[in-house]
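> Here's the letter readout for the chains.
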Amino acid sequence: MVRRRSGPGWAFPARAPWAPRLALYLLTLWGMLTLNFLLPRAMPGDPLLALMDPESDAYLADPGIRERILQYYGLDRPLWEQYLVYLGRLARGELGWSIALNTSVAGLLAEHLPWTLLLMVPSILLATLISVWAGAHAGWRRDTRVDRALLVAFLLLDTVPIFLLGILLLMVFGVYLGRFPLSGGQTPFASYASPWAQLADILRHLALPMATLTLGLAGRNFLLARNSMVTVLGMEFMQVARGKGLPEPTLKYRHGLRNAVLPLVTRFAMQMGAALTGMILIETLFAYPGMGRLMFTAVAARDYPVLEGGFLVAGVAVLLANALADLSYAWLDPRTREAPCPT
Amino acid sequence: MSYVEVAQVRSAVHRLHRRLGSARVSGIFWLGLGILALFGGLALAAPWIAPHDPRAFVGPPLAPPSPGHPLGTNDVGQDILSELIFGARISLGVGLLAGGLAVALATLVGAVAGYRGGTVDAVLMRWVDAMLVLPRLPLMIVVAAYVGTGLPVVILLIALLGWPAPARVIRAQALAIRRRAHIQSARLFGAGLGYIVRRHLVPELSPLIVAIFVGQAGRAVMLEAGLAFLGLGDPTAKSWGLMIRYALDSGGFFFTHRWVWWLLPPGLGLTLLLLGFALLGMGLEPWTHPLTRRHG
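So the protein lines, in turn, are chains A and B. Quick note, the first sequence lines up with residues 1 to 343 if you use our numbering. Quick note, the second sequence lines up with residues 344 to 639 if you use our numbering.
Among these hints, one or two may not hold up.
Which residues of chain B face chain A? A partial, calculated answer using Cβ under 7 Å [claimed, not checked]:
no. : residue
1   : Val485
2   : Gly610
3   : Ala621
Chain A regions said to be covered by chain B (calculated; three or more residues, Cβ under 8 Å) [claimed, not checked]:
no. : segment
4   : 99 to 110
5   : 151 to 160
6   : 181 to 190
7   : 313 to 325
Since the hints were made in silico from the structure, they are not lab data. The C-beta atom is built at its ideal place from N, Cα and C for all residues, glycine as well.
Build the full structure now, drawing on both the sequences and the hints.
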């Protein structure tokens, strides 16, 4: 029987052949686009609909103006036509117009995305390094005092809600010690002596949000890394390697860790969703000028086009992370390069 | 209850006992259960324990801790300790309801997909795969912004986005169980899909279902707190996450010690509650594992 590597969080069967996987990604993308299209039309609370509703305060009494607004937004046409227009606009990169900020959503996203990437990419990499290293160590020294201490520490990191972790770091390092700024991405209205000074300022603002996200994600990944290491260490080839009298570091890293990392790759890519969740909460807390913060302010302003654009970008990011994991899987595990092999 | 039903319940309980007894039940398990029981008791007994009505304006605003208000009062003069105790009801209630709903959906889809196999399985699993890559919080934000943030909406959202991952686990297990002799013979005797799912699959999957429920409930508590922190909580039912949001929203927050008695208690409550779920989940692991290893 083919044992499926499934578990909570395994998205795609890790070794499925290419074409169906690509089809699945495209199908998911289409699903997200359609959801994005249908939500505003199926849900109550749309500001535009309020203009058309005789019960609402915002009702436009003049039928001529109502007609023109409907026409302008294309709402007088049948649903399928609206759908085609929507897809066509997306294909041209038009994500709509922000109601609250009166600019194009695409422009807004482009402005905020670099900040989010600046926060997320280093955090994810650092968290992966920390959790894999600590997990491998704990797995290697299983059931010792070191293992227990690491388990308790990372379990706590995992269970503390990430915004509480952020608040604690903010209070200690920002407020009481005054080492780091409390909010924002850089000092407002500052003029810098050199690009280096600006970079230093940006990094100082980045420190606390990044530390929070890194610690939170490391807490999530540690147990996976440890369990993976424990599983690998119990395998026969490890016994053989040990029997050959290989030195301990070689055993631990070349034979143990290298194999333990494989199943983690897909697993960590799946954590992209968790990273996004953490990112939104952290950016909100630190008023960091990224996508999460943008979405938070859009919620308060009921700025639907921005919310939908943000959702779309987040969805595409998760899909890309999955595709990347698939590719790196083939790179890390030569066995998967040629044909899909049953385990 | 008819005699047959009593016998069914008894055999299910017996099975659970045997499984629980056969596995090494660790201290972790009891610690987690103890923490959850503590919060459960707190939530149930809230009206008798809480010193005040959490919604009543019982003191001056922003009072520091005093004998009358052990954790002080919030910005509108409500007793923070009472809010905290009643908040346990919301946080725990959302966790249990959303977790239960998610696990029910996961069991239904997973068991049917695993047992039926073939096209049904393929279609259901592709659906699950697609659901799994939806970015959860951004989608919840969009939907909650449209539909509103009543507690039922929040519970439903969390459950509807939570079931796909565990459905995969249950499917894998159902696939393994399906091949066993007694199921095969039940099928030969003409048992239908509903009968087999109800009488065989669900009872045999019960350890796994319990473990998944614990995990999902913890996730739900965490997500509800996150949504509330973003201001998307139900303002009429103040959970711990919403308490934290309100505490942060009160002006001048960073320059007083207020956060120690206003923000830290709900924060620690959440952490401890999540720790309880996590420990219980870890404690249940050896209980679900032998089954996986024997038939996986």
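> Work down the list of hints and note, for each, if the structure agrees.
Here's how the hints hold up against the structure:
1. The closest approach between the C-beta of B/Val485 and any C-beta of chain A is roughly 5 Å, which is under the 7 Å cut-off, so the hint is satisfied.
2. Residue-level restraint check for B/Gly610 holds (minimum Cβ-Cβ distance to chain A is 4 Å; threshold 7 Å).
3. Of the supplied interface hints, the one on B/Ala621 holds, with its beta-carbon coming within about 5 Å of a beta-carbon of chain A, less than 7 Å.
4. Coverage of the segment 99 to 110 of chain A by chain B is violated in this model, with 0 residues showing a Cβ closer than 8 Å to a Cβ of that chain against a need of three.
5. Only when three residues or more bring their CB closer than 8 Å to a CB of chain B does the claim for the segment 151 to 160 of chain A stand; here the count is 5, and the claim holds.
6. Proximity of the segment 181 to 190 of chain A to chain B, defined as three or more residues with a beta carbon under 8 Å from a beta carbon of that chain, is not established by the 1 residues found.
7. Residues of the segment 313 to 325 of chain A with a Cβ under 8 Å from some Cβ of chain B number 6, which satisfies the need for three, so the listed coverage holds.
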